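Engineer: Heads up: the sequence lines are chains A and B, in that order. In this text, residue positions in the first sequence follow the UniProt record's numbering: the first is 1, and each later residue adds one. In this text, residue positions in the second sequence follow the UniProt record's numbering: the first is 1, and each later residue adds one.
No wet-lab data here; the hints were simulated from the structure. This structure is a prediction, so every number in the text was calculated from the model and none was measured. Built from N, CA and C at the ideal position, the CB exists for glycine as well. It is possible that part of the hints are untrue.
Taking lysine-lysine pairs in the DSS-like style, the calculated list, with each CA pair at most 25 Å apart, reads [as the list claims (entries may be wrong)]: (1) A:LYS44 with B:LYS127; (2) B:LYS208 with A:LYS180; (3) B:LYS273 with A:LYS180; (4) B:LYS127 with A:LYS231; (5) A:LYS207 with B:LYS153; (6) B:LYS80 with A:LYS207; (7) B:LYS184 with A:LYS164; (8) A:LYS36 with B:LYS121; (9) A:LYS26 with A:LYS211; (10) A:LYS231 with A:LYS36; (11) A:LYS82 with A:LYS211; (12) B:LYS121 with A:LYS44; (13) A:LYS180 with B:LYS90; (14) B:LYS153 with A:LYS180; (15) A:LYS207 with B:LYS121.
Covered stretches of chain B (in silico footprint by chain A; criterion: 3 or more residues with CB under 8 Å from a CB of chain A, positions within the stretch not fixed) [as the list claims (entries may be wrong)]: (16) 39-52; (17) 67-78; (18) 189-201; (19) 217-230.
Here are some chain B residues pointing at chain A (derived, C-beta under 8 Å) [as the list claims (entries may be wrong)]: (20) MET1; (21) LYS118; (22) LEU265.
Each chain, letter by letter, is given below.
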Amino acid sequence: MQEFPKISRMGERAILLQFEPEISEKVLKKVLAYQKILQEKILKEGVEVINTYNSLLITYNTAIEITYDGFLQLKEELERTKIQDNFKSHLFHIPVCYDQKFGIDLQEISQAKELQIREIIGLHSTALYTVYFTGFLPGFLYLGGLPEELHFSRREHPRLEVPKGAVGIGEKQTGIYPQKSPGGWNIIGNSPVPLFDPYLDPPCEIKAGDKMRFYEVSLEEHQEILEVVEKGEFKFRKEEYDG
Amino acid sequence: MPGLYSSIQDLGRFGFRKYGVPLSGAMDQRAAGMANLLLQNEPNAAVLEITLQGPVLMFQEAAEIVVTGADLSPVLDGEKLFNNHTVPVKEGQVLKFGGRISGFRAYVGIKNGFQSPKILKSRSWCKGVTPHHRMEKGMEIPFLKGDISASEKFSTVRSDAYLTSEVIEAFPGPEFELLSASEKERLRKGHFSVGKDSDRMGIRFQEKLQNSLAPIITGPVLPGTVQLTPSGVMISLMRDGQTTGGYPRILQITEEGMDILAQKLPGEELYIKLVNYL
Chain A
1 MQEFPKISRM GERAILLQFE PEISEKVLKK VLAYQKILQE KILKEGVEVI
51 NTYNSLLITY NTAIEITYDG FLQLKEELER TKIQDNFKSH LFHIPVCYDQ
101 KFGIDLQEIS QAKELQIREI IGLHSTALYT VYFTGFLPGF LYLGGLPEEL
151 HFSRREHPRL EVPKGAVGIG EKQTGIYPQK SPGGWNIIGN SPVPLFDPYL
201 DPPCEIKAGD KMRFYEVSLE EHQEILEVVE KGEFKFRKEE YDG
Chain B
1 MPGLYSSIQD LGRFGFRKYG VPLSGAMDQR AAGMANLLLQ NEPNAAVLEI
51 TLQGPVLMFQ EAAEIVVTGA DLSPVLDGEK LFNNHTVPVK EGQVLKFGGR
101 ISGFRAYVGI KNGFQSPKIL KSRSWCKGVT PHHRMEKGME IPFLKGDISA
151 SEKFSTVRSD AYLTSEVIEA FPGPEFELLS ASEKERLRKG HFSVGKDSDR
201 MGIRFQEKLQ NSLAPIITGP VLPGTVQLTP SGVMISLMRD GQTTGGYPRI
251 LQITEEGMDI LAQKLPGEEL YIKLVNYL
């Protein structure tokens, strides 16, 4: 029997599946393929399965309906299933305004990394990012793929308030704050796109397995997009992507 | 008057954690459930959760209500109310709370439940998800005017002993085995108390552990997951807690333990009893 996934209980309502402890697209694909099988073939409707980099958490609304023996069956069944290596997702093009009005830490990164601000923007907006999962805050996307030149430690003193839409860098990660919140990442710009809308179901359009690329917009364009968002007429620029 | 922290809660916002949306719902699910049971409501009917200092509520319509959970000396138009007894309320009557007798969170249930809007299939208030996350002065909260039963219903079982329980049961968390033997021993034998910076998102314990564990790759967490921060602080995520986290998950508190923990005042002592899965 394979070592992974490790299956264990997590309290009275959840089962945790842990895969190889690494952050990679290979593991993500496996995790998402298992998630699909669990939701479509094994579990009843209404049982929630969330993913992170290398874990799945099966959560029941009330008590777990699988006994411990069921775990072994679950594992055997998962092992028998062929995992598709490529799956269809979407590539989203996300506007970011890197003007210093928003990019309040660009100067600091520029000095510390000995990179021109234009170079930072260039690197950040050409990379292809992978959406691993949504967590931390509603609509907060965990992205992989930040170029190594831009890896930069978190701020020593987190800010008590980072504005909605702030685009930040923290260690090996980059991301957008979907709402105003405290935050320890270095802020390099702002994106006007809505990442979470509780009045829509689903409330987030971008999901695990999707790809993302940033493109630079001016202050004026940023404002124009915000106005479209406020009117409720915003649509993401996206295309199908075969990964 | 809104009280210290009052909010509308049901059983929770289930099925949206994959978008980073907290589960929410009543901190003491047992007390909220008792309120709905006594009113013959459906189990997911919305109740008002109040914390230590209760609000002053004026009923603009006749209603049938019940107060459960913490005993915060509820008074209706000057007349003392008993917890776990349903009571008819006339239009214009005022519900107030006085001194705390036991527990930390009380629940006001109302016949058919409060009718604040359903957002993502739940009426539970939560910061960042619903327009309001706590009650403010002058706020109006809708409820359905319905038939008000003449018969008073009450729980004859003395069911509130858990309010003063000091024992919180917990399963080992996914990273429990990584703790050193002495840290495990301290968890088993030590007493802990609820820290001041505690709220619906998380309850911090005042006493620290020695933490020699490395951070983990950010993974799933749940209400009741106890995380160990780099400085050794133990934080139990509560109903409005985040959905993922990067700190080692050393314990998973039982559902019953969560209800007990929700009723602890900052500074109150408790013991952790490690339990294993059957």
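Engineer: Provide an ascending list of the numbers of those earlier hints which the structure does not satisfy.
Structural biologist: 1, 2, 3, 5, 6, 7, 10, 13, 14, 16, 17, 18, 20, 21, 22
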